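Peer 1: Sequences and hints are given; from them, build the entire structure.
Order-wise, the sequence lines are chains A and B. Residue numbers for the first sequence follow the numbering used here, beginning at 94 and rising by one. Residue numbers for the second sequence follow the numbering used here, beginning at 1353 and rising by one.
None of these hints come from the bench; they were simulated from the model. This one's a predicted model, so the numbers in the text were calculated from it and none came from an experiment.
Simulated DEER-style distance windows between Cβ atoms:
{"no.": "1", "chain 1": "B", "residue 1": "Ala1448", "chain 2": "A", "residue 2": "Arg152", "range": "31 to 39 Å"}
{"no.": "2", "chain 1": "B", "residue 1": "Val1625", "chain 2": "A", "residue 2": "Glu220", "range": "45 to 53 Å"}
{"no.": "3", "chain 1": "A", "residue 1": "Lys223", "chain 2": "B", "residue 2": "Leu1501", "range": "38 to 46 Å"}
{"no.": "4", "chain 1": "A", "residue 1": "Glu220", "chain 2": "B", "residue 2": "Trp1528", "range": "22 to 30 Å"}
{"no.": "5", "chain 1": "A", "residue 1": "Glu178", "chain 2": "B", "residue 2": "Asn1486", "range": "53 to 61 Å"}
Straight-line distance between alpha carbons at most 25 Å, and here's what the computed DSS-like set of lysine-lysine pairs gives:
{"no.": "6", "chain 1": "A", "residue 1": "Lys248", "chain 2": "B", "residue 2": "Lys1534"}
{"no.": "7", "chain 1": "A", "residue 1": "Lys248", "chain 2": "A", "residue 2": "Lys158"}
{"no.": "8", "chain 1": "B", "residue 1": "Lys1534", "chain 2": "A", "residue 2": "Lys223"}
{"no.": "9", "chain 1": "B", "residue 1": "Lys1534", "chain 2": "A", "residue 2": "Lys210"}
Backbone N, C-alpha and C define an ideal beta-carbon position, used for all residues, glycine too.
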Amino acid sequence: MPLLSVTGLVAGYGGITAIKGIDLTVDQGEIVTLIGSNGAGKSTTLRTISGLVRARNGRVEFLSKPIEKLAPHKIVALGMSHVPEGRGIFHRLTVLENLYMGAFQRGDGEIADDLGKVISLFPRLRERLKQAGGTLSGGEQQMLAIGRAMMARPKLLLLDEPSMGLSPILVQTIFETIQSIRRQGATILLVEQNAAMALEVADRAYVIESGVITLSGRGAELAGNDSVRRAYLGEG
Amino acid sequence: MSILFLTTPEFWFDQIVNGLTTGSIYALVALGYTMVYGVLQLINFAHGEVFMIGAFAGYGVLLALGGQDISGVMIVVALVLALIAAGLASGATAIAIERLAYRPLRNAPRLAPLISAIGVSVFLSHLVDDGFLNGETKHYDQIFPAGKLSLGALNVSYLQLFLMGASLAMMAVLYWIIQRTKLGRSIRAVAESRDNAALMGVDVNRAIVATFALGAIMAGFAGVLYGLFFSSIRGSMGFIPGIKAFTAAVLGGIGSIPGAVVGGYFLGLAETVGRELLNEIPGVNLPNEWKDVVAFALLVLVLIFRPTGIFTQQEGKRA
Ligand SMILES: Nc1ncnc2c1ncn2[C@@H]1O[C@H](COP(=O)(O)OP(=O)(O)OP(=O)(O)O)[C@@H](O)[C@H]1O
Ligand SMILES: [Mg+2]
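Peer 2: If you want it as structure tokens, here you go:
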């Protein structure tokens, strides 16, 4: 059984149908990437999986449970964390409060331990714990967003364009972090415009165009595919 | 400014104490406006009636415990019970209003919940006045010990002292809840972004209900304090204090919790001291009702010239 399985998912906004029957699966321990150009429906796919956008049709199963009708907080409780496009940092909450928000659904005694782990993964956050989230730089906010998601101990992590707006060195750091998070046992569904990097770290990949999956396969396989190279890797 | 010396220092101290007393009530009520606005960008015009319900709940408890005959240590017990009953009644009223009048309109155009709010406000005040009281005014029993504290020119009645102290304590507890507890954190998160709070696992509806309830509990407490101080209560009593507390919230920058408190005290002082200052002008003798004129003139001026509040930086940086 895949950890996440999406079948025939349709969703949109008002009169717009943004995704028109998406099928995809994510297995335990995988990094799966969803690539596509602006407006293809990547964010909508993630937002529908995490419950922010209501599915109009189709199914989403997580841990073999149908979740397409659940409210977002119930889906979080099942073990899914979604780092939205734009990072979703609470600007008026402190960095520490933002991190605690990540553990909102937890009641166990190991929250402080995990806080220590996140801070050692992102040492830049340590001196800034008392600062308002809105005062962080873009890169720091991305680290905070990922660190905050880790505070939930997610079984599945949805990442929407974590490299957006970051310098090449920071993009490198973020991708290394994604891989180290996976090594610690998390499963990741990664949406990216930076297709080259995404295909490099991903086990499998899906290509989405105008709300429909048009290609799928192993990451390396798609990186070698001619139409993918032309459309998403900026090659000839 | 030399005209100020025509009146005694005692007189001005009295005005300041009176201003701070009514200001405490405005501040408590203003918190509910500002918190609900913070999470929903909705002006809960029924909040004045939530305050009224609290005043009646407290009145009922005092009456049931013996009214005028309450004495000794029972005074403390009666006050505590009256406050608890008011908090519960106001909280329950606000939760019902949210569920019935606002939640169904959550995604409707902004004007719809506003009209719904005004409808609930009119309904509740008339329900109490015409449905239960036949237009009668009720009076709080004066159970609080008379007497005052005098420090030179400064005189403060025990009741005023209690009122100011109790409201400060209530606001301190609220501030602690908002700043230091998980519930408070979730309310602040929802105020910033409902979607992002939901992605953290916050039940957004629960946080919104909690916001209404906390603001309403403060208003219920304020209703009892109002009754103890002003004595007369009726169904329509929430209207003027409600609009004034809303004014206080706007003065302080609606959405800001410290702003609502500062705005409440500021308005209380402005309307008492402000009227008396005008009275210092030779030939001017404004009756007590001019308090309202001063307060609402302030509201209009602020809405025109500083709609984000007079204590805030112009662009949305809220505390
Ligand atoms: N809140 C919204 N209201 C209306 N339409 C929306 C909304 N959000 C997205 N859309 C539309 O839905 C379609 C898919 O958008 P989506 O954000 O899912 O694309 P995306 O693949 O994430 O794009 P990008 O790479 O630019 O982030 C687009 O046509 C977009 O205009
Ligand atoms: Mg997107």
